[in-house]
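Chains A and B are the protein sequences, given in the same order.
Heads up, the final residue of the first sequence is numbered 109 in the numbering used here, and it's a clean run with no missing numbers.
Heads up, the final residue of the second sequence is numbered 195 in the numbering used here, and it's a clean run with no missing numbers.
I should point out that these hints are in silico values taken from the structure, not numbers from a laboratory.
There could be a bad hint or two in this list.
Said to hold, decoys possible - Each pair of labels, with its calculated beta carbon distance range:
(1) A:Glu-108 to B:Asn-177: 46 to 54 angstroms
(2) A:Asn-104 to B:Gly-164: 40 to 48 angstroms
(3) A:Lys-38 to B:Gly-187: 21 to 29 angstroms
Where is the CB? At the ideal position from N, CA and C, for every residue including glycine.
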Amino acid sequence: MSKSKENVVDLGKYIDQRVRVKFQGGREVDGILKGFDKLDNVVLDDCVEYIRDPNDLYRVTDRTRTLGLVVCRGTQVSFLAPADGMEEIANPFTDEAVAEEEENIRVES
Amino acid sequence: MAGRLQPLELVDKCIGSRIWIVMKSEKELVGTLRGFDEYVNMVLDDVTEIEFVGGVRRETQMDQILLNGAHVCILVPGGDPTAVGP
Numbered sequence: 001m002s003k004s005k006e007n008v009v010d011l012g013k014y015i016d017q018r019v020r021v022k023f024q025g026g027r028e029v030d031g032i033l034k035g036f037d038k039l040d041n042v043v044l045d046d047c048v049e050y051i052r053d054p055n056d057l058y059r060v061t062d063r064t065r066t067l068g069l070v071v072c073r074g075t076q077v078s079f080l081a082p083a084d085g086m087e088e089i090a091n092p093f094t095d096e097a098v099a100e101e102e103e104n105i106r107v108e109s
Numbered sequence: 110m111a112g113r114l115q116p117l118e119l120v121d122k123c124i125g126s127r128i129w130i131v132m133k134s135e136k137e138l139v140g141t142l143r144g145f146d147e148y149v150n151m152v153l154d155d156v157t158e159i160e161f162v163g164g165v166r167r168e169t170q171m172d173q174i175l176l177n178g179a180h181v182c183i184l185v186p187g188g189d190p191t192a193v194g195p
C-alpha cells in the first residue's frame, strides 16, 4: 500500500527553474520556482501573469503583467510544468485530424 | 518534504503589511494582512476590492473583512495593483 502523504511528483527538481502554472478558472502564470509545500502551494519569483482574451477566458494572449514574488494556492493549481517544455501545436481534435490519425493507425497495422 | 522557501512562511512574513490577492475570478483585493489560517482564509484591513466587470474596473473600499480562502489563486506580498495595468 503506498503512503498517502507522499506526493506523486517531487517539485524539488524544478527549484530555481522557470515554470508555467495554470489555475482552475483559466489564469496562467510563469515564474521561477523558489519553494513549495506538500499541499502544492508554490512560491514563484519574477512572476508574470499572461493576460487572457476578454472574449474567451480560457485563451491566453501574449500580453503579460508583472506580479513579482508570489504565492500560488495549491488548491487552485491545475498544472505545473517547466516553462521551456511547451510549444503550441495545431488542434489534434478536429474531425480532419482525428480521421488522419485513424488512417495512420490503419496503415501502420 | 518541502522546498527552501515555504509558501505559508512567506504569507506569515507578510502579516502587518500590504498584500495583493488575485482570485480565481476577475476580482482582486489589496489590504493589510492581519492573519490567516490553514485554509488561507484571511483577515484584511483597509481593503480595496477591485472587480473587472465587462471590461470596466470597479473599486470598493472596506474597513475589515474575513476573506474566504476557497477561491484565492495568487497572493502577492507588498504588491500594488495600481502600479501594474491589467
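Hints versus structure:
no.: 1; hint: A:Glu-108 to B:Asn-177: 46 to 54 angstroms; in the structure: holds, 53 angstroms
no.: 2; hint: A:Asn-104 to B:Gly-164: 40 to 48 angstroms; in the structure: holds, 44 angstroms
no.: 3; hint: A:Lys-38 to B:Gly-187: 21 to 29 angstroms; in the structure: holds, 26 angstroms
This entry satisfies every hint, going by the numbered hints stated previously.
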